[in-house]
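Chemist: Letter by letter, the chains look like this.
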Amino acid sequence: MSNLSNDERNKVNRFTSITNASEKRAINMLKTYSWNVDRAIDEFFNQTDKKSTSFNEYQKLRKDNLERQKQLKNQKPKKTWVDRNKIEVLFNKYKDNETGQIEYDGVEKFLTQCGVDLMAVESLILSWHMDAQIMGAYSKKEFCDGLFKIKCENLEDLKEKIPFLKDELADKATFEDFNSYVFKFAKEDPNHRVLDNTIAVALWPLLYDGKFKLLDKWLEFWKLEENKKKTISEDLWTTLVEFTRTIKSVEDYDPMEAWPVMIDEFMEWLEEQN
Amino acid sequence: MNKPRKLRMIIPKQKLFNEDKTEEIEELWKTISNGIQQILVIPITEIDISIEEIFRSCYRLIEFDKENLLINRFKMTIEEYANEQINFFQSQDDSIFLTTFHEKWNSYRLKNMILHELFQFLNNMFLSRTNNNTFSIYQNSMKKWRSQILTTNDNFILLRLIRIINENINQERNGEVTDMSFLKDIIQMFIDVSDSNLDIYTNFFENKYLNISSLYYQMESQDLLLTNNCGIYLNKVQERLKEEEIRAAQYFNTQTFARIQSNIINEFLKPYIQTLMTMDNGLNSMMSKEDFGHLKLMYHLFTKVPNGTETLLQVFLDLHSKRLTEIIQENKKKIVGRSPPKFIDHLINQRTQYSEIIDKSFSKNKDFHIAINAQFKTLINQTKDFPEQLAKYLDRCFRFTFLSSNEEEIGKIMDSIIIIFSLLNNKDIFKRFYEQFFAKRFLSGSSVSENIEKMMIAKIKKIQGKQFTQKMETMLNDIHNSEQETIDFKKFLTEERENDPITNIVLNFRVLTQGQWPGLIKTECQLIPELQEYCDIFTGFYIRKHDGRVLTWKFSIGSAEIAYSMNNKKYTLITSTFQMLILLLLHKKNEKISIEEIMEETKIEEPILINCIKPLFHPKHKLLTRAFKKGKGFNKEDQLVFYPRFKSNTRRVMFPRTIRTQEKRERLKTIEKIHEERKLIIDATIVRIMKSRKSLIHNLLITEITSQLANNFVPSISSIKKRIDSLIEREYIERDINDIKLYKYLA
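So the sequence lines, in the order shown, correspond to chains A and B. Note that the first sequence covers residues 1 to 274 in the UniProt record's numbering. Note that the second sequence covers residues 1 to 747 in the UniProt record's numbering.
Everything labelled a hint here was simulated from the structure, so no lab data went into it.
Estimated spans, in silico, between C-beta atoms of each pair:
1. Arg688(B) x Asp83(A): 56 to 62 Å
2. Ala684(B) x Ser249(A): 33 to 39 Å
3. Glu265(A) x Lys522(B): 36 to 42 Å
4. Glu225(A) x Thr661(B): 28 to 34 Å
5. Ala684(B) x Asp131(A): 36 to 42 Å
6. Ser249(A) x Asn266(B): 49 to 55 Å
The C-beta atom is built at its ideal place from N, Cα and C for all residues, glycine as well.
Just need the whole structure built from these sequences, with the hints factored in.
Modeler: Encoded structure:
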C-alpha cells in the first residue's frame, strides 16, 4: 500500500471492510474499475455469479457463494484492526534465533499449524500476500506486514482466512497478479529471465487446478523428452493465463493468432495425439 | 407493299338512281368481280381489263354506302379462289406436290399483291370514313390461305410441307444433292401467314426443325465419338456450325440461327467436353504434337459452351501439373556433383511450350497464364533445393552452354531463367549460390564472357533492385581493377626491376574487396620462396600506389596452370594454389615427399592438405601415387610420388580443388549461414516496423513483415513467431497487458 495516495488508501480500506477481501484483491479490483469504490464493490459481489462456466458449475458456485456470505454474516464481527504485537509474537514462535528470520523448518511448522501443506497453492498465496522474496523463508517485515494486510493475528484467523484468499483468485486481475508473482518467486534470481522446466511443471498444477481443462495434456507435453530441456519465458508464463481461459479444445485454436511458439507446438502435438 | 398510291380518276357525272338499286349494285359488282377474276386467274401479261371501269364501279358502290358489301364480296372471292387451290394438293407425290405448291403459292401471293395495290384506295377511303376497320386485301388473302389451305384438316398440308422441308435439309446435310430453290419462299410464306408472334413459323416450323436437327446431330455425334479422334470431331462441329449459319442466312429468320447454334452446341459439345479432351487424340496429344490449329479450334468451340473454358483450363492445368511432377521426379540427381540436373532445361522447355500454346491457341487468355504460372510457382517452390539447382544451372550456362549459342538463344535462355527466378520464394538462397559460383568463375577465369555476365546481372537488377546485385557488381569491379593493376604492375616490373629473374612465372594478381567475395576462409599457407618474393614485390607496389590500404593474402582460392610432361606427352595441369605448392615441392625434392614434409614447408593444416591431395589421386587422371601403399586413409607419413602411368585424353587437365565431402560440407555451411542471416533480417524488420508504428496487432505485423520481405524470401509464420518471442524476451517489444494480440515497441 506504500505507493498509493491517501485517497486511494482510504478507498482500499472501505472496500476491504465491506467485502472482507484481502488488500491485494482490493487493489486489483479498484484498479480495474478506476478507483470507483461503489462500482468495485458491486462488481465484486457480481463476480462470483457471472462466470462463463457450465450451468452446474455456476449453480455450485452460486450456492457456495451464498453459503459463504451467510457464514460471514453469522460470524463474529469482521476484524478491521489487528494487533501488530500479537503478530510479532506469532513471528517469534517460528523464527530462527540465529538469522532472525523464519527459516525452512519454521516455515514448515507454521504452515502445518495453519493447516496448509508446504507444497500447496495456499502456501504460495501466503507468500504472495507477504511479498516474500525467496521460497522457504520469511523475513520479519514480510511476515508481519503480510499478516497485517490480511488481518490475521493468530492461527485461527489464518485458518479461517485462507480459503477466502484462495477464492479471491477467481477474479481475473487478481489471478494475473498472483501468477506474475509466482514466476518471480520461483525464479529466485532476478537476473534470470527464464524458469526451469521442472519448476514450472511443479507449479502449474497448483495454479491451474480446476481452471485449465487441458492441464494434464499440457504437463504431459512439457515432460516429453524434447521439451525437458526447454525453459519457460515470462511471456509464455503470462500468456498462459489467457490461453487457459479461452482455449478449451483443439477447435477453439487458431495458430495464426498471437500465441507464443511453444503454445503453437503444444496444440500441434495435441492434435496429433487425437 | 403498303405504299399508298394516289389514284387520280376522272369520274363523269352520274345520275343517281333511286329505284332498282340492287340490280345496279349487282351490275357494278359484276364488273369488279370480273376484274378480280382476271387478275387472279390469268397470267399478268394477258390481263385485259379496264381499270377505270372497275374503279368507277367501286366508287359508285361506296357512294351507295355498300362498302361492307364490297368488302365481304371481296373476301368471299378470295376464299373461293383459295378453296380451288386446295384440290390441287390432295394426292400427289411429294416432289410434285412441292413444286406445284410452290408455284401455286407464288402466283397466289403475287396476284393478291397486285389486287392489294390496285385497290389500296379502298383502304384509304375507309380510313377517312370510319376509324376502325382497315381492309387490307393482302392481309385478308394471307389469312385465307392459312385457314383454307395450310391448317385445314388438322394442319395436314402444313405438316406435310414441314416434313418435306426437313427431309430435304437432312439430305443436304448428308451431302446429297437436293433442290432447295423452293425453301426460301416457303419459309417466307410461314412468316407471312403468321400473326405478330410468328406463331406458324415458330411453333410449327421452327420447333419441328429444331427437334429434327437435334436428333440428327445427336446421332452424328455418337457416330463421330466412335472414331475416337478429337480433331476430326471438332472439325465436323465447326463444319456443321458454318453450314447452319449459311442456311439460316439464306432461308431463316435471325432468331433461328441462334437457336440452331445452341442446339448444335448442346448436342455435339456440351455433354462430351471431358470425353473429347481426354480422348487418345485429345488435348494431350494435340499439345505434344503442337497442333496449334486444332487447339485453337477447341478453345474457340469450348468458349461457346457454358463453363467450357473453365473445364478446358482444368484439364490443361492437370496435364501441366502431371508433366511438371514427372520432370521433377525423373531428375532427382544428387545435388553435389559435376553435372547439374538436366531438369531445369526440361522445365524451361515445358514453360515455353505451355506459354506458347496459350498465346497461339487460347487467344492469350490471361486467366490461363495466371493459373499456369501459379501452379508452376507452387511446384518449384515445393521442390527441394530448387533455388540452388537453378543457380547451378546458370553456372553451367556461363561456363559451357553460352559458348556455343548465339546472342538470340542466350537472350531467350536468360529470360526464361529470369522468369523462373521471379517465381522463387527463396530468392536469397539463389543469390548466395549465384554469388559463390560467380566468384569461382571469375577467379578461375572460366566464364564464357564478361559481357554476358553483365547482361544477366542487369536483368536481375531490373527486377530486384540494385542492392540485390551489389555484391556481384563489386566483384566485377574488382576484376576490372585487378586487370588494370596487373598492367600497371607489369609496367612497373619492366621499368624498375628489369634484371629480376622472376619473369619465368606468370602471376596474375587479383585484388578483392574484403567482405564482398564469398568463401574467403582464412587458412595458413606459406609459399615457396620464389613465389613469396614475387608476392612481396606486388604488395610493395600496391601499397605505394594506394596509400592507406592493407592487403591480406588469401592463397586458398587461387589457381595455377602448370606445364607438365610425363611419358613424353605434354600437358597443362590446372590446379588450386595449394595443389600447385604440393607439386612444386615434390618436383624440387625430385623423388618423393612425405605429407609431413609438405606440412612443414607450407604450414597448411593437415586436414585441409589431405583434402587437396585426394583429388590428385582420382583414378580418372591419377597424378600422384603413394610410395608404399598403406591402406585407404592418408596420414602424415605417407610418401607421395608422381604417378608414372599418368595419362589424359585432353591437353588441359582440370583437377577439382577438393573432395566431394568437403564440397558437401561447404554447401551445408552456406545453407546454415543463409538461415542465420534470415533470422537477423526478420529481427531487424520487426524492430524497424515496431519502431515506426509504436504498437501493432499481431496479424498486421505478420502481414507487414511478409510484404517487406517478399522480394527476398518468404518467411514461415512459425519462424516469424519465434523471432517475436525472442524479441519479447530480449525486451525489444512487449505484449499489451490487456490484449495479447497487441505488441508495443519498447524504447
